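Given only the sequences and the hints, what does the whole structure look like? Please build it.
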Amino acid sequence: MTEDILALIKENVVQGRVTQDDEGLEEEMVGQPGVSELTEKALAQGISPDDIIKRGLTKGMDIVGQKFETKEYYIPDMLASAEAVGVAMEILEPHLAKSGIKSKGKIIMATVKGDLHDIGKNIVSILLRGAGYTVKDLGNDIDPQAIVDAVREESPQFVGLSALLTSTMIHMRDTIQALAESGLRDKVKVIIGGAAVSEEFAQSIGADGYGADGFEAIRVVEALSVQ
Amino acid sequence: MARQGVVVEPYQRLKLEQVEQIHRASLAILTDPGVVCFNRNAAESFGDHGAEVISIDQGAAACWLLKIPEKIITDAVQSAPKVVKLGARDENNCLILDGREPRVRFASGSEANNWLDVDVETFVSKRDPGIEVDFPVFRVEKGTVDRLARAARLCECLDSWDSFLRTLNIQDDDITDDNKDVNKFFASLNNTTKHVMSGLTELSQLSNVVRMSEIIAGGEDKLRENPIISFITCMVKSPLQLINDTTQKAIEIAKRGIPLVISSAPQGGSTAPIREEGIVAQINAEILAGIALTQLVNKGTPVLYGSVPGRAGMVDLYDSYGVPEFNQYNIDCVQVARYYGLPCYSTGGVSDVRVPGIQASVERLFSHILVTLAGPQYIHYAFGLLERTNTFCPVQAVLDDTHIGMVKRFVRQPTVTANRISESLEQIRRVMGTSHKLYVRFVRSALHSGEIAPPYPFEGKDMVDETLLRARDRMEKILSLPPPHIAKEVVDKVFQEVPGLLTRLRN
Ligand code: B12
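Protein chains in written order, with the numbering used here: chain X, 571 to 797; chain W, 1433 to 1939.
If you're looking for bench data, these hints aren't it; they were derived computationally from the structure.
As the structure is a prediction and not an experimental result, all values here were calculated from the model.
Hints may be right or wrong, so weigh each one.
[Unchecked claim] Listed below are the simulated DMTMM-like cross-link pairs for lysine to aspartate or glutamate, each with C-alpha atoms no more than 25 angstroms apart in a straight line:
#	chain 1	residue 1	chain 2	residue 2
1	X	683	W	1757
2	X	641	W	1560
3	X	683	W	1784
4	X	683	W	1657
5	X	641	W	1634
6	X	706	W	1489
7	W	1687	W	1657
[Said to hold, decoys possible] What the simulated footprint calls covered on chain W by chain X, stretch by stretch (three residues with Cβ under 8 angstroms from a Cβ of chain X suffice, anywhere in the stretch; the number is not a length):
#	region
8	1701-1710
9	1747-1759
Beta carbons: idealized from backbone N, C-alpha and C, even for Gly.
This is how it looks when you write it as structure tokens:
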């Protein structure tokens, strides 16, 4: 029974199905439970969150990763699967705390002031959620002060900033300064990304990390987590 | 006389019935789900004219859901001019864009951050050090005012390049958001006598840009008669959102009656459905909403139907221009614009790859040919763009000019007439009567009148591809010509009246 449902979770992660209304890659999956329904069901059956994560979600994501490496899967597949895992993690979150498992960490994401480009930031958010992080996405065109407020309220370990315009990347520096002025700078690691910025720019404004794409974002966050 | 472009027999990808289905789908989208609007003035305007306006809570920014009824759209389509004149410092370079006539003109575009220079280096064979070959190598530089001016000078001298749409994001240390507009317009206008088009960075600079253009055009009335500049406003954020800042810019520009492009740039697969009927129905709804706003603000404002549909790349969701679907989406939009009789600002000629070469040529020529065949009035992005619009390469622009020239020759209307047939029969009979049986004698009038294509100008002699080196020579030759600067008295007046201009731009 346990094995069956965990296998189904894994399979539906591979199929990238969040709910029963989603299509998968194989025919006629619509109507069958997706990752969120299956996760609820598994919890109801008393399966531990740890098992759901390790033997269901992560196993599924491993397969997706391999398929991505071998170019059988493309980025839309990867995002669909990551989204499914992200939603499952949200369902599991309250139970994780109860069973004493620490979440991987919380990240606040925002596209900086004056900038409306959010496709890249949204991709990064989905992938980070899929990797097990709790992501609070503030949206786009976000004032430094609003980011400071959110950091104060949410106490995240990370802040991820995105900018695509040469005229708005400067607000990343402003945001880092605002965090410093509010005494919050050493409470969070700031990582940045977006087509306008670079590793050098990240260093020049005193950010803790730079990611060229969503996968690098995960690597950077994981590397900073061990420090 | 206006620039003639080329008239095509439009390739119809969609049947009329399918165009109408798209039109109805767009109308349906405009009422359900409707359009999210972050600009209060626009929401009020639509509300005053019968749209349902529902206030919605989306975080900090005020915003409204607009359900736009068919009447607003049909009225707008009716009141928007079918013919839009884009003027030019030299009136012979103006463009008369008639939405009902498939006459195509070619323009540059993008606000590329990078400028790609082509250098020549000599390489020695490892196998046989006696063999030396010159090869192009590439150097990435930042967009600057000076490079923008150089691009404008190329535009001036390249025949297929009908209108100068700013190619570069100017990033000089002394350029700020507040002086960017006047400097990019001045650098462009001062270096080409063709039409100049650009986005507006700061609304507060609109008056300065307009004042500058009035002085250069010869006064307020002259500018109205001969609008030497126009604006692109990217007021839509797909899917279906009207951005506060650019929407306000569009409103202010429309009030002044300066020609403007209402453009939308959804990416099939990320910010629009990936299937053509989905993305085209959505982009059409987005553009119509924008056009409707301009007509509500100022009935009769000259607008271009700006369709920039792209397809998301499946490896990274970056925008992709080299894929076949890009052409399908764009051709469909041209047909939809023609259905409304609105002049279409379409898109073609961009490569996904970062440097000129085989992939770049295939990708750009693909859309240069296909989108031209559809017959839009104006194709932007057509010169020099690489790396998905992030890089402008002047040598590539020189190549594009030649290749577009070839495309223009190809799409010209056939000349099959009874007269020409009898001329041909006569030729055939005469040649059959000669001993050499060659038609060469009869080629000469077509050759010297320019009727048939000259040889490819960049072909090398040896077993190496010299295209880029030769195109680079051509570019350098053009850039050594005296620039078509504005008369000194006029420049003096511009510098007296318009704040923010960099003194180093003075001739
Ligand atoms: C789509 C798009 C738009 C859409 C945005 C839709 C949306 N929902 O985001 C719209 C139409 C609204 C738009 C508007 C404008 N745009 Co625009 N836009 C683009 C375009 C074509 C693609 C951007 C994109 O989504 N790429 C795909 C995503 C997946 O890539 P990405 O964002 O880089 O993200 C990846 C990485 O960078 C990284 N990453 C991103 N964020 C983060 C954050 C962290 C923490 C980390 C670790 C990593 C990371 O991971 C992501 C996933 O791999 C680019 C051109 C280009 N080729 O980049 C122009 C571009 C960015 N835009 C440009 C311009 C000029 C504008 C406008 C000013 C146009 C105008 N004249 O009105 C406005 C500005 C509006 C504003 N105030 O922001 C210019 C910018 C030049 C400059 N000045 O710097 C560009 C480069 C186009 C060009 N060559 O002219 N645009």
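Each hint tested on the structure:
1. As the CA atoms of residue 683(X) and residue 1757(W) are separated by approximately 34 angstroms, the hinted pair breaks the 25 angstroms bound.
2. Note on residue 641(X) and residue 1560(W): the hinted pairing is violated, with a Cα-Cα distance of about 40 angstroms set against a maximum of 25 angstroms.
3. A C-alpha spacing of about 29 angstroms is found between residue 683(X) and residue 1784(W), which places the hinted pair above 25 angstroms, so the restraint is violated.
4. Restraint check for residue 683(X) and residue 1657(W): not satisfied, since their Cα atoms lie roughly 39 angstroms apart, outside the 25 angstroms limit.
5. Distance restraint check for residue 641(X) and residue 1634(W): the Cα-Cα separation of roughly 44 angstroms exceeds the 25 angstroms cut-off, and the hinted pair is therefore not satisfied.
6. Of the pairs offered as hints, the one joining residue 706(X) and residue 1489(W) holds, with about 18 angstroms between alpha carbons and a cut-off of 25 angstroms not exceeded.
7. A distance of roughly 16 angstroms separates the Cα atoms of residue 1687(W) and residue 1657(W); the hinted pair therefore holds under the 25 angstroms criterion.
8. Check on the region 1701-1710 of chain W: 3 of its residues sit with their Cβ under 8 angstroms from a Cβ of chain X, so the three-residue criterion for coverage holds.
9. Counting residues of the region 1747-1759 of chain W whose C-beta lies closer than 8 angstroms to any C-beta of chain X gives 3; at least three are required, and the coverage claim holds.
Checked against the numbered hints above, the structure breaks hints 1, 2, 3, 4 and 5 and satisfies the rest.
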